[in-house]
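**Q** Sequence:
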Amino acid sequence: MNKEFHSFGWYASKVSPHLPKKAFKPVPGRLLGGLAYLIISITGMFVIGIYDLPFLANIAISFVIGTSFAAMGFLGHEILHGTVVKKAKLRNLLGAVFFFPLLTGPLLWRKWHNMTHHVHTQNEEKDPDTWLSKEDLDKKPAMKIIYRLPFSVRAFLEFFALCFTFTLHSTKIFFAYIKEFKPEKRGVVWIQFLLPWVAWLGLIFFIGIINWLFIFLIPHLIANAIVMGYISTNHRLNPLVPVNDPLANTLSVTVPRWIDILHFNFSYHTEHHIFPSMSSKYYPLVKELIKDSWPSRYHEMPMSSALKALWKTPRVYYNGKDLIDPQAQLLYGSLGNGLNPEAIEPRPLNNSDTN
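The opening residue of the sequence shown carries number 715 in the working numbering; numbering runs sequentially from there.
No lab work stands behind these hints, which were simulated from the structure alone. For each residue, glycine too, the CB sits at the ideal point set by N, CA and C.
For each label pair, taking beta carbons as the anchor points, the in silico distance ranges come out as: (1) 995 to 721: 20 to 30 Å; (2) 1033 to 842: 18 to 28 Å; (3) 1064 to 807: 47 to 57 Å; (4) 763 to 1043: 47 to 57 Å; (5) 731 to 769: 53 to 63 Å; (6) 855 to 734: 53 to 63 Å; (7) 969 to 931: 23 to 33 Å; (8) 1043 to 916: 44 to 54 Å; (9) 995 to 731: 16 to 26 Å; (10) 802 to 894: 12 to 22 Å; (11) 890 to 769: 36 to 46 Å; (12) 975 to 1018: 15 to 25 Å; (13) 734 to 766: 48 to 58 Å; (14) 778 to 858: 35 to 45 Å.
Required output: the full structure, derived from the provided sequences and hints.
**A** Below is the structure:
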C-alpha cells in the first residue's frame, strides 16, 4: 500500500474504539423525519391538484415538495446502508419508497453506490461516479466539442445540469449494470426501474400536464439540484487516488445546523466514507475524532465555498492530482495538491507536468 494513503478500514479501526457502542446500531427513529416529508409531499400534491391556486402559490408549494423529495433521498441513502433498519426486505421496501421521487430502485442503488462507489471511491477505472480524465476526454470527440466552449459557459452549463444530472446518471448506471445482476434478480431490478417512471408519467393522464409540472417535474428538478449540490462537492475537488483514502478523496462541507437536521447530516461525507454503515446521527462525533487525529489531512469547507470552487475549476483530471482546462491548457490543483478555494490560481501546462 502507498504509505501516503490509508484505507477507510484503517481509519475506522483507529476511530472505532473511541465511539460509544450505540453508534454502531440502527436508528429507526430517523423514519419519523421521513414520515414527515412524505406527509408534506402528499399534502402539497393534493393542494395543487384540488385547488385552483395562483401561479406563485403553486411554485412555492412545488419548492416545498422538491426540498422534501431531496430529503427523502438522503434518508433513502441512509436506509439502504442499513443504518435505520436491518431487515433486508424492510430496508429495500423503505429504500424504494424514499428513492421513488428520484426514479431510482433500491437494488440498483446498493450495487452502484454501496458496493461499487464506496469500495472504489475516486478510482479512475472502477468508480462509476468519478469525473473523466484527460485521456478519457481525448477518446470522446463529442465531449471535446463541449470543452471548446468558453470556461464561463461550461461552468454555467454544468451548474444548470445539476437540475437533472442525478436522474440521467442513475438511468445510465441502470443500463450499464443491469447485465451484472444475476438472471433471477434482473426482473425485480427492471420493475424497480420502470415503476417510478410509469407512476410519475402516468399521473399526467389523471391530473393534467399543468398540475403535473407543479406536482412532479418542478419538484423533481429542485430535488436533483439539491442532491447534486452535495454530490458534486463530495469528491469533484479531490484527486484520483490509488488507495481508497477518505481523507484524500472526500470533502465534507459545512452548512447551518438546521439544514443538517433537515438533510440528515448528509454534509458529513468524509465521515460517511469511513463509517458507511453508521447512522449519520453520530457523524459530528466522528468528525471531532478525525480532526483531533489528522487535522492537516481532513478536508472541509462551507458549502458556498465548495460550490464557488467547483464553478472556478474544470471537471477534467490530469495525472490524477490536477484538474485541467483542455482548451486553455491550464492546470488547477486538487484538494491536498495545491488547490486554495479562497484564491484559485491556474498554472500553464508545461513539460514537467507531463512526467
